[in-house]
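K.L.:
Here is what each chain is made of, one letter per residue.
Number of protein chains: 2
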Amino acid sequence: MTIELPKPALLPEGVAPDAYEVAIDAFREAIGSEHVHLDGELMVELRDAYAWPADDRHWPSAVLQPGSVEEVQAIVRLAAEHGVPLWVNGQGKNLGYGGAAPRLRGSVTINFQRMTRILEVNEELGYVVLEPGTTYYELVDELKARGGAWWPSTPDIGWGSVIGNTSDYGVGYTEFGDHFASIVGLEVVLPSGELLRTGMWASSTATAAHAHPRGFGPDVTGLFGQSNLGIITKMAKKLSPRPERYVALRFRVQRDEDIAPLVDATRELLLEGTLRNIPVIGGILGTAAMRAPRHEWFEGRITDEQYRATMQKLGMGWWNLRAALYGPTGVVEAQLERCREVLTAAVPDGEFSFLEAAGDEVDAEHFPLHPDRVQAGLPSQGLLESIKWRNPDGGHLEFSPVAPATGAEALKLGGLVRDVMEEYGLDFWPSICVFGRSMVYLCVGNFDHSDEAAIENMYDYYEAAIRRLGAEGYPIYRGHLRGMDAAQDQFDWNDHAYRRFVERLKDALDPAGVLSPGKQGIWPARYRSGR
Amino acid sequence: MTIELPKPALLPEGVAPDAYEVAIDAFREAIGSEHVHLDGELMVELRDAYAWPADDRHWPSAVLQPGSVEEVQAIVRLAAEHGVPLWVNGQGKNLGYGGAAPRLRGSVTINFQRMTRILEVNEELGYVVLEPGTTYYELVDELKARGGAWWPSTPDIGWGSVIGNTSDYGVGYTEFGDHFASIVGLEVVLPSGELLRTGMWASSTATAAHAHPRGFGPDVTGLFGQSNLGIITKMAKKLSPRPERYVALRFRVQRDEDIAPLVDATRELLLEGTLRNIPVIGGILGTAAMRAPRHEWFEGRITDEQYRATMQKLGMGWWNLRAALYGPTGVVEAQLERCREVLTAAVPDGEFSFLEAAGDEVDAEHFPLHPDRVQAGLPSQGLLESIKWRNPDGGHLEFSPVAPATGAEALKLGGLVRDVMEEYGLDFWPSICVFGRSMVYLCVGNFDHSDEAAIENMYDYYEAAIRRLGAEGYPIYRGHLRGMDAAQDQFDWNDHAYRRFVERLKDALDPAGVLSPGKQGIWPARYRSGR
Chain A
1 MTIELPKPAL LPEGVAPDAY EVAIDAFREA IGSEHVHLDG ELMVELRDAY AWPADDRHWP
61 SAVLQPGSVE EVQAIVRLAA EHGVPLWVNG QGKNLGYGGA APRLRGSVTI NFQRMTRILE
121 VNEELGYVVL EPGTTYYELV DELKARGGAW WPSTPDIGWG SVIGNTSDYG VGYTEFGDHF
181 ASIVGLEVVL PSGELLRTGM WASSTATAAH AHPRGFGPDV TGLFGQSNLG IITKMAKKLS
241 PRPERYVALR FRVQRDEDIA PLVDATRELL LEGTLRNIPV IGGILGTAAM RAPRHEWFEG
301 RITDEQYRAT MQKLGMGWWN LRAALYGPTG VVEAQLERCR EVLTAAVPDG EFSFLEAAGD
361 EVDAEHFPLH PDRVQAGLPS QGLLESIKWR NPDGGHLEFS PVAPATGAEA LKLGGLVRDV
421 MEEYGLDFWP SICVFGRSMV YLCVGNFDHS DEAAIENMYD YYEAAIRRLG AEGYPIYRGH
481 LRGMDAAQDQ FDWNDHAYRR FVERLKDALD PAGVLSPGKQ GIWPARYRSG R
Chain B
1 MTIELPKPAL LPEGVAPDAY EVAIDAFREA IGSEHVHLDG ELMVELRDAY AWPADDRHWP
61 SAVLQPGSVE EVQAIVRLAA EHGVPLWVNG QGKNLGYGGA APRLRGSVTI NFQRMTRILE
121 VNEELGYVVL EPGTTYYELV DELKARGGAW WPSTPDIGWG SVIGNTSDYG VGYTEFGDHF
181 ASIVGLEVVL PSGELLRTGM WASSTATAAH AHPRGFGPDV TGLFGQSNLG IITKMAKKLS
241 PRPERYVALR FRVQRDEDIA PLVDATRELL LEGTLRNIPV IGGILGTAAM RAPRHEWFEG
301 RITDEQYRAT MQKLGMGWWN LRAALYGPTG VVEAQLERCR EVLTAAVPDG EFSFLEAAGD
361 EVDAEHFPLH PDRVQAGLPS QGLLESIKWR NPDGGHLEFS PVAPATGAEA LKLGGLVRDV
421 MEEYGLDFWP SICVFGRSMV YLCVGNFDHS DEAAIENMYD YYEAAIRRLG AEGYPIYRGH
481 LRGMDAAQDQ FDWNDHAYRR FVERLKDALD PAGVLSPGKQ GIWPARYRSG R
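Keeping their order, the protein sequence lines are chains A and B.
Every letter in the first sequence is one number past the one before it in the numbering used here, and letter 86, counting from 1, is 86.
Every letter in the second sequence is one number past the one before it in the numbering used here, and letter 117, counting from 1, is 117.
Treat the hints as calculated values from the structure; they're not laboratory data.
For glycine and all other residues, C-beta sits at the position ideal for the given N, C-alpha and C.
Careful: at least some of the hints might be erroneous.
Restraint ranges, calculated between C-beta atoms of paired labels, are given here [said to hold, decoys possible]: (1) B:Asp495 to A:Tyr527: 30 to 38 angstroms; (2) A:Glu463 to B:Pro511: 33 to 41 angstroms; (3) A:Ala345 to B:Ala508: 52 to 60 angstroms; (4) B:Arg117 to A:Tyr424: 43 to 51 angstroms; (5) A:Glu463 to B:Ala508: 27 to 35 angstroms; (6) B:Arg467 to A:Ser68: 40 to 48 angstroms; (7) A:Glu463 to B:Arg28: 50 to 58 angstroms.
A few chain B residues that face chain A, going by a derived Cβ cut-off under 8 angstroms, partial list only [claimed, not checked]: (8) Ala80; (9) Gly83; (10) Leu378.
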């Protein structure tokens with residue numbers, strides 16, 4: 001389907017055409033006309049890839065590509081001056097959550113494809129300092145080129161920007177898989193255009209600028225996660241030392257109800273420190289989808305019998321745990337035995353297996369499958385195949401509620417999510433990331449993107465799932481544009497004290513209300529009068 | 001020396017006597033007259049224990065002891081209404097950093113000795129929810145009474161409140177020794193009197209309220225560390241599972257310059273994950289001071305020869321590392337071997353030793369010395385003995401600069417600190433807490449508290465050390481009242497962008513400027529006009 005750009009361009013809500021024209025001219029002056037896009041390929045690329053093409057609810061009116069921090073400051077100051085709402089992304093990926101598209105129709109998008117430098121790799125302390133557009137692939141390549149002594153943590157797919165993914169609370173699968181927690185210093189352009197640095201980096205001299213968890217006084221790092229309070233222009237992140245030994249282990253269980261002891265055993269291994277990464281417990285649909293489209297496996301709603309038959313064809317379990325071990329050989333061997341002991345005690349007929357290699361041998365030869373490599377910080381594009389499950393023109397939207405990492409909660413939450421997904425005709429496609437005390441019960445929502453009704457059904461399901469699961473005690477940790485308000489509504493304690501607090505900060509820091517209005521359900525005064 | 005209370009009471013700066021009287025009456029009405037103290041023992045207890053007794057620069061004018069969150073809210077609202085500055089402490093300990101005393105003379109202190117409940121211990125997920133006055137000893141006792149399946153992380157001395165210590169970035173010695181990082185949910189009274197809960201706890205229904213690292217949108221937890229932006233009234237913190245095996249290990253090296261390879265080896269063990277706690281590398285003065293006062297060991301400045309002789313008498317190294325291992329027996333044994341291997345490779349003639357026991361046998365019988373127990377979360381009052389080093393009426397003040405955890409930095413920073421300490425006639429008394437990528441190079445400043453000149457000398461040294469070491473790249477992570485402005489001055493990047501940013505938040509959240517003015521060098525508009 002051809003995408004037609006509106007002419008004249010969309011205008012952001014509350015901005016008069018004349019004022020908008022003046023602002024665009026000012027942006028051109030500030031960063032160069034060639035970096036101000038009102039139409040063309042980039043405008044198409046930076047839409048929500050999985051929305052119905054003609055659905056303009058989240059279209060930007062323009063895209064700006066600054067080339068320096070100073071240009072970002074200039075853009076922010078001009079936006080405030082002219083009252084033009086901005087939206088920010090890194091590379092413009094994050095497709096399962098709405099991609100580069102703005103929450104507020106007609107916002108002017110700042111995209112960081114021109115700012116992709118790796119500013120520092122510290123090989124003594126193990127950290128890297130990045131610009132907001134640097135992709136995971138670029139980081140992986142740079143670390144490899146330097147000899148591979150340090151590993152990053154990455155999501156499955158590596159085309160997105162590290163800062164974009166990290167600031168959206170992206171999840172990877174190493175010891176630093178909780179990406180936001182691995183930050184050791186931010187540089188931020190505030191809505192005023194001023195520059196801030198966080199933690200020890202707020203000192204111009206600090207030798208531990210990227211080594212210590214925080215500075216002196218309140219730690220403001222967290223303010224810039226899933227945030228419209230500032231634009232991150234530099235980030236320092238921890239890296240992991242390449243281990244002497246790397247083990248990717250798997251444990252497959254045969255029955256649906258085995259999830260309960262499996263989650264409890266995984267939590268035990270994490271809390272005692274034997275496992276230090278973010279293990280994943282998944283079903284079989286991801287693997288099935290990598291091999292063939294849905295119609296070759298299933299017809300209609302997936303019954304337990306069909307599921308079991310497919311699981312056996314794939315040689316998988318009903319639930320499949322993957323985890324990894326990193327460290328000196330002797331320690332890793334002892335940890336591997338401990339994992340085997342705890343997991344097989346929990347589910348005696350579960351199937352324990354592993355692949356291992358020296359840390360400098362982790363590659364596609366030793367670990368042919370992506371899940372065994374990504375736990376060593378090696379992303380791939382492979383998973384994109386699975387989006388073709390229902391149609392070669394497929395889409396996905398992730399619903400990701402959070403629960404305590406207990407077997408009882410896994411059973412209860414799993415049942416609730418399955419019900420709501422099947423009610424909307426979707427496949428139950430879980431991929432549970434176990435953080436230790438909590439789990440992100442991520443459910444892939446796969447749909448036929450060639451069918452407008454299927455897309456609308458997905459949005460309906462998404463908001464219903466957020467509200468129904470939220471009421472049961474399972475808010476989401478990260479959200480698609482379409483569910484941000486519903487997701488924020490779940491944080492309702494004391495008449496939404498959290499939202500009211502962040503909005504007070506928002507109004508103080510961004511009185512013009514121009515930076516990413518509506519992000520994560522936080523609206524500036526200018527746009528929330530109707531609520 | 002008898003301490004005389006001023007009559008009439010001190011007034012806080014900028015508050016008229018009449019307005020103050022009205023405010024005190026309102027506080028009495030709100031929390032009961034018996035909990036509003038204008039004189040008496042409590043007023044003496046909640047001074048800076050190590051200031052010169054007649055030095056009133058940090059005296060409070062009154063102490064309030066609320067009994068509930070509602071009473072805290074009432075106090076804050078009344079303070080804003082009447083313009084009366086407040087100051088907040090837990091139990092009123094933290095003596096090495098100024099104790100309960102307020103930064104601003106005459107502030108009204110809120111003390112939490114009446115709010116000491118343990119609200120929840122979750123033995124499935126491993127966390128505890130506390131009130132702001134609960135002490136470490138109370139927490140330790142409660143966990144023991146429940147069977148000891150979960151261990152806390154504690155500082156050396158356990159009489160202080162968990163929330164007070166944690167919110168001041170207190171350090172312990174377990175896997176959760178970075179106490180602030182182990183928070184999983186805060187309840188906060190804002191300067192407006194409103195209540196806020198953070199993270200997943202901001203949802204009234206969230207099952208993972210104290211299990212997941214953060215919620216949806218910006219994480220505001222960090223705003224309440226070393227903060228005057230709110231008063232923490234409840235905190236959830238992670239606990240560690242009692243391990244099957246516990247090992248307290250030590251490594252002693254014979255030469256001053258051995259600190260360099262020792263720090264590098266410790267960092268390597270931490271970054272590879274073999275060590276998971278916060279190890280400490282110390283000299284010998286702490287141990288010497290536990291046995292006898294200074295004059296029995298040294299005369300005048302401590303020379304290298306005297307130091308070596310004393311070190312040999314004590315059977316210690318020039319530098320002494322302690323660390324701990326926790327986990328399943330097989331894993332811990334492999335980790336112990338790895339520690340021995342890495343440490344003895346770094347300093348071949350270093351002396352490696354350890355004590356070990358089952359996790360349920362960690363007590364004074366199996367581990368006679370405090371340093372071996374505190375790494376298992378068992379605090380004691382023993383260290384207080386060491387304060388008598390120069391006089392039975394002794395005092396201490398900690399200078400705690402932060403550096404990258406490298407051998408080269410340890411050599412350089414150690415030399416600089418030693419110079420400044422000896423210049424002021426102080427003993428160089430380091431106790432280095434190794435966080436992994438960084439180290440807190442804590443130096444005990446021990447002085448004769450019966451001598452006013454010695455105390456003033458200590459303050460002079462403290463500010464000089466903060467400024468001199470700050471200029472060299474080593475800001476402090478935590479500070480005594482007397483050094484808070486100097487410490488904040490070190491965070492100077494972009495014309496003190498960090499301080500200006502936090503002050504903007506301060507003015508937005510606390511327009512009356514009443515909550516803890518000057519804490520960590522952050523002043524409300526009302527008091528910073530002179531700067």
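K.L.:
For each hint given before, does the structure comply? Return the numbers of the non-compliant ones in rising order.
P.N.:
Result: hints 6, 8, 9 and 10 break, sorted rising.
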